[in-house]
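Trainee: Residue numbers (this note's numbering), protein chains in the order written: chain R, 1 to 187; chain A, 1 to 389.
None of these hints come from the bench; they were simulated from the model. You may find that some hints are simply not true.
Derived pair list, reagent style DSS-like, types lysine-lysine, alpha-carbon separation capped at 30 Å [what the hints assert, rightly or not]:
id, chain 1, residue 1, chain 2, residue 2
1, R, Lys-16, A, Lys-48
2, R, Lys-76, A, Lys-168
3, A, Lys-343, R, Lys-16
4, R, Lys-9, R, Lys-121
5, R, Lys-100, R, Lys-121
6, R, Lys-115, A, Lys-168
7, A, Lys-343, R, Lys-115
8, R, Lys-100, R, Lys-128
9, A, Lys-218, A, Lys-107
10, R, Lys-100, A, Lys-107
11, R, Lys-128, A, Lys-384
12, R, Lys-22, R, Lys-128
13, A, Lys-343, R, Lys-114
14, A, Lys-387, R, Lys-114
15, R, Lys-9, A, Lys-277
16, R, Lys-100, R, Lys-22
17, R, Lys-16, A, Lys-384
18, A, Lys-384, R, Lys-44
19, A, Lys-272, R, Lys-100
20, A, Lys-343, R, Lys-22
21, A, Lys-343, R, Lys-7
22, R, Lys-128, A, Lys-343
23, A, Lys-111, R, Lys-9
24, A, Lys-111, A, Lys-48
25, A, Lys-164, A, Lys-215
26, R, Lys-22, A, Lys-384
27, A, Lys-111, R, Lys-16
28, A, Lys-384, R, Lys-114
29, R, Lys-115, A, Lys-384
30, A, Lys-168, R, Lys-44
31, A, Lys-134, A, Lys-111
Short derived list, chain R residues pointing at chain A, Cβ under 7 Å [unchecked claim]:
id, residue
32, Lys-16
33, Val-18
34, Leu-21
35, Ala-24
36, Asn-25
37, Ala-38
38, Met-57
39, Cys-61
By construction, the Cβ of each residue, glycine as well, lies at the ideal position given by its N, Cα and C atoms.
Here is how the chains run, residue by residue.
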Amino acid sequence: MWDYTDKVKEHFLNPKNVGELKDANAVGETGSLSCGDALKLFLKVNDSGRIVDATFMTFGCASAVASSSALTEIIKGMTLEDAEKITNDDISDFLGGLPKEKMHCSVMGQQALKKAIADYKGIQIMEKPGEVVCECFNITDLEIIEAIRDNGLESSDEVTNYLKAGGGCGNCLERIDEIIETAVAEN
Amino acid sequence: MDIVYVDNNATTRVADEVIEEMLPFYGQFYGNPSSMHTFGGSVGKKVKEARQRVADLIHADPEEIIFTSCGTESDNTAIHAALLARPDRKHIITSKVEHPAVDNYFKVLEKQGYRVTWVDVDKHGRLDLEQLYKSMTDDTAVISLMWANNETGVIFPIEEITAKSREKDILFHTDAVQAAGKVTIDVSRVAVDMLSISGHKIHAPKGVAALYVRKGFKLSPYMIGGHQEKGRRGGTENTAAIIGLGKACELAGHHLDEMNTRVRELRDYLEKELLEKIPASSVNGDPEHRLPNTLSIGFDAVEGESILLMLDREGICASSGSACTSGSLEPSHVLMAMEVPFKSAHGSIRFSLSCYNTREEMDHIVNAMVPTIQRLRDMSPFWKDGKMV
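With these hints in hand, go ahead and build the complete structure from the sequences.
Mentor: Spelled out as structure tokens, the structure:
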């Protein structure tokens, strides 16, 4: 059994802001059925660029639901400018921490938020720049490098915990090790 | 809150009769069964009785029973001994749905240079017999196939398969940890050379198991040490637990009929109710050849860990075939090998019953499951207006 904080349990059993937001003017989607978790984030942004409402729909484990609930609570009332600065750590901290194997749930929140903001601004996010490293979960080298840089990751296990990359068939684990080596050397 | 325990393929409650049988051997009768004195010898007599009781459950001779510490040790011992007995052969066969005690050992052997055939299963979890028979060659040292699957309960046709392996002089081991006590096992009719059973799956304590070794097969020990178990497994016997295992095997024999009537009816009732009351649900595994106590059932568009944690609040203990409970990220290797679609594989739950379960408990599970699945689907981006999107 996972060692979830009381805050995670509370946001899983009684999640805030669940459901489709009918008058949303920004939507961000991430994850998929095959990955085992997915999040659809709905935002209502007013004319002065403030998030006046946020809701979510999530398929996934308890920490995925709790991370989604936490995300909506954090960003409600924020300006887009501030919301853009939200990281997966903010989501995890809000919940009193997540088991390390579940950090990818908070990353999913950050990604959905990024996509929703881009959607509002009418920016097309280039679908997956970079070269796909993990075919099971469709994760690119650039995403891996970004996660290593942002979170100070040092091993392929840690990369799997944050991005899932390498957690399926495991064929890309050597490639992930190489990316880590290069990224650490560049630092 | 009362606990509704339906996770008996994971472990079982130790039967009161078993505890009662064991307790004196943690207390005043602490002797070593190998000792020359009467004090130790009296414990030896009880160990002998336990060996007889284990043998009786599978219609074996007591000399064919070796006590071990767990199912994993039994499995590892059997495979290890088979390879030592056939040193010139470099091919081994197993299936894609084995327990890690066999699966991971075979992966290690593959790295060490053995050629491994991983036999496929179909979408119902049935073994590809044609592939299996074709893969048996003069170079095959051992075949290890489970009698019944822990996740789906699917039963493999071991009797039919061993007739072929015997013809080709290939050693055969079966992991019968899930089958023992749930279906009839008769080694006088089925040509297995080695067979593993585990105590804690049949209401004995954890930390004790047995390996059946057919007479005439000289087993090299895995645990090298003293003369215990006729030199086939070193280490002072876990006397109280062994005596408990003996009692549990006796009880399992008595309960075999109940398991295949009353418990099977409870399982079938639970299955029928869940399928009827929850749309987009489906059973994993061959309904025709399945353990009487096991139900693996998938629910579209929801995730297993979430279901389990909500059931946990209602005092219901089950398990899932989903990845998120184990720390790995893909659904279980069993459901993946069966190519269960992702939409229901991630939301698969295993209910495994025992003789202690009641009809009222099944109703409690159904009453908890219906709103749980509804609630998670209301939250799911893949579910809209009563169906998958």
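Trainee: So, for every hint listed, does it hold in this structure?
Mentor: Status of each hint after checking the structure:
For the hint linking Lys-16(R) to Lys-48(A), the alpha-carbon distance of about 62 Å lies beyond 30 Å, and the restraint is violated. The suggested pairing of Lys-76(R) with Lys-168(A) is violated, with an alpha-carbon distance near 70 Å, which exceeds 30 Å. With a C-alpha separation of about 25 Å, the suggested pairing of Lys-343(A) with Lys-16(R) holds against the 30 Å cut-off. Restraint check for Lys-9(R) and Lys-121(R): not satisfied, since their Cα atoms lie roughly 34 Å apart, outside the 30 Å limit.
Simply put, Lys-100(R) and Lys-121(R) have alpha-carbon atoms about 33 Å apart, too far for the 30 Å limit, and the pair is violated. For the proposed pair Lys-115(R) and Lys-168(A), the alpha carbon gap of about 61 Å is over 30 Å, so the pair is violated. Our distance criterion of 30 Å between C-alpha atoms is met by Lys-343(A) and Lys-115(R), whose separation comes to about 24 Å. Simply put, Lys-100(R) and Lys-128(R) have alpha-carbon atoms about 25 Å apart, close enough for the 30 Å limit, and the pair holds.
Simply put, Lys-218(A) and Lys-107(A) have alpha-carbon atoms about 25 Å apart, close enough for the 30 Å limit, and the pair holds. For the hint linking Lys-100(R) to Lys-107(A), the alpha-carbon distance of about 27 Å falls within 30 Å, and the restraint holds. For the suggested pair Lys-128(R) and Lys-384(A), the alpha carbons sit about 28 Å apart, so the restraint of at most 30 Å is met. For the hint linking Lys-22(R) to Lys-128(R), the alpha-carbon distance of about 28 Å falls within 30 Å, and the restraint holds.
As the CA atoms of Lys-343(A) and Lys-114(R) are separated by approximately 26 Å, the hinted pair is consistent with the 30 Å bound. Only pairs whose Cα atoms come within 30 Å are accepted, and Lys-387(A) paired with Lys-114(R) is accepted, the gap being roughly 29 Å. Among the hinted pairs, Lys-9(R) with Lys-277(A) is consistent with the structure: their alpha-carbon atoms are about 27 Å apart, no more than 30 Å. Note on Lys-100(R) and Lys-22(R): the hinted pairing is violated, with a Cα-Cα distance of about 35 Å set against a maximum of 30 Å.
For the hint linking Lys-16(R) to Lys-384(A), the alpha-carbon distance of about 19 Å falls within 30 Å, and the restraint holds. Straight-line distance between C-alpha atoms of Lys-384(A) and Lys-44(R) comes to about 21 Å, which keeps the hinted pair within the 30 Å bound. Restraint check for Lys-272(A) and Lys-100(R): not satisfied, since their Cα atoms lie roughly 39 Å apart, outside the 30 Å limit. Restraint check for Lys-343(A) and Lys-22(R): the C-alpha separation of about 26 Å stays at or below 30 Å, so the hint holds.
Simply put, Lys-343(A) and Lys-7(R) have alpha-carbon atoms about 29 Å apart, close enough for the 30 Å limit, and the pair holds. Of the supplied pair hints, the one linking Lys-128(R) and Lys-343(A) holds, its CA atoms being roughly 24 Å apart against a limit of 30 Å. Distance restraint check for Lys-111(A) and Lys-9(R): the Cα-Cα separation of roughly 42 Å exceeds the 30 Å cut-off, and the hinted pair is therefore not satisfied. Between the alpha carbons of Lys-111(A) and Lys-48(A) the distance comes to roughly 40 Å, so the proposed pair goes past 30 Å and is violated.
Straight-line distance between C-alpha atoms of Lys-164(A) and Lys-215(A) comes to about 20 Å, which keeps the hinted pair within the 30 Å bound. Note on Lys-22(R) and Lys-384(A): the hinted pairing holds, with a Cα-Cα distance of about 14 Å set against a maximum of 30 Å. Note on Lys-111(A) and Lys-16(R): the hinted pairing is violated, with a Cα-Cα distance of about 50 Å set against a maximum of 30 Å. Between Lys-384(A) and Lys-114(R) the CA atoms are separated by roughly 25 Å; this keeps the pair inside 30 Å, and the hint holds.
Taking the CA atoms of Lys-115(R) and Lys-384(A), the gap is about 22 Å. The hint holds against a cut of 30 Å. For the suggested pair Lys-168(A) and Lys-44(R), the alpha carbons sit about 71 Å apart, so the restraint of at most 30 Å is broken. Taken as a hint, the Lys-134(A) and Lys-111(A) pair is honoured in the structure, with Cα atoms around 23 Å apart against an allowance of 30 Å. Given hint, Lys-16(R) at the interface with chain A, is violated; its Cβ is 12 Å from that chain's nearest Cβ, farther than 7 Å.
Look at Val-18(R): its Cβ gets to within about 5 Å of chain A, closer than 7 Å, so that hint holds up. About 13 Å separates the beta-carbon of Leu-21(R) from the nearest beta-carbon of chain A, more than 7 Å, and the hint is not met. For Ala-24(R), the suggested interface contact is broken, since its CB lies about 13 Å from the closest CB of chain A, more than 7 Å. The criterion of a C-beta within 7 Å of any C-beta in chain A is not met by Asn-25(R), whose closest approach is roughly 18 Å, and the hint is violated.
The beta carbon of Ala-38(R) comes within 6 Å of a beta carbon in chain A, closer than 7 Å, and the hint placing it at the interface holds. At about 4 Å, the closest approach between the beta carbon of Met-57(R) and any beta carbon in chain A falls short of 7 Å, and the interface hint on this residue holds. Given hint, Cys-61(R) at the interface with chain A, holds; its Cβ is 4 Å from that chain's nearest Cβ, closer than 7 Å.
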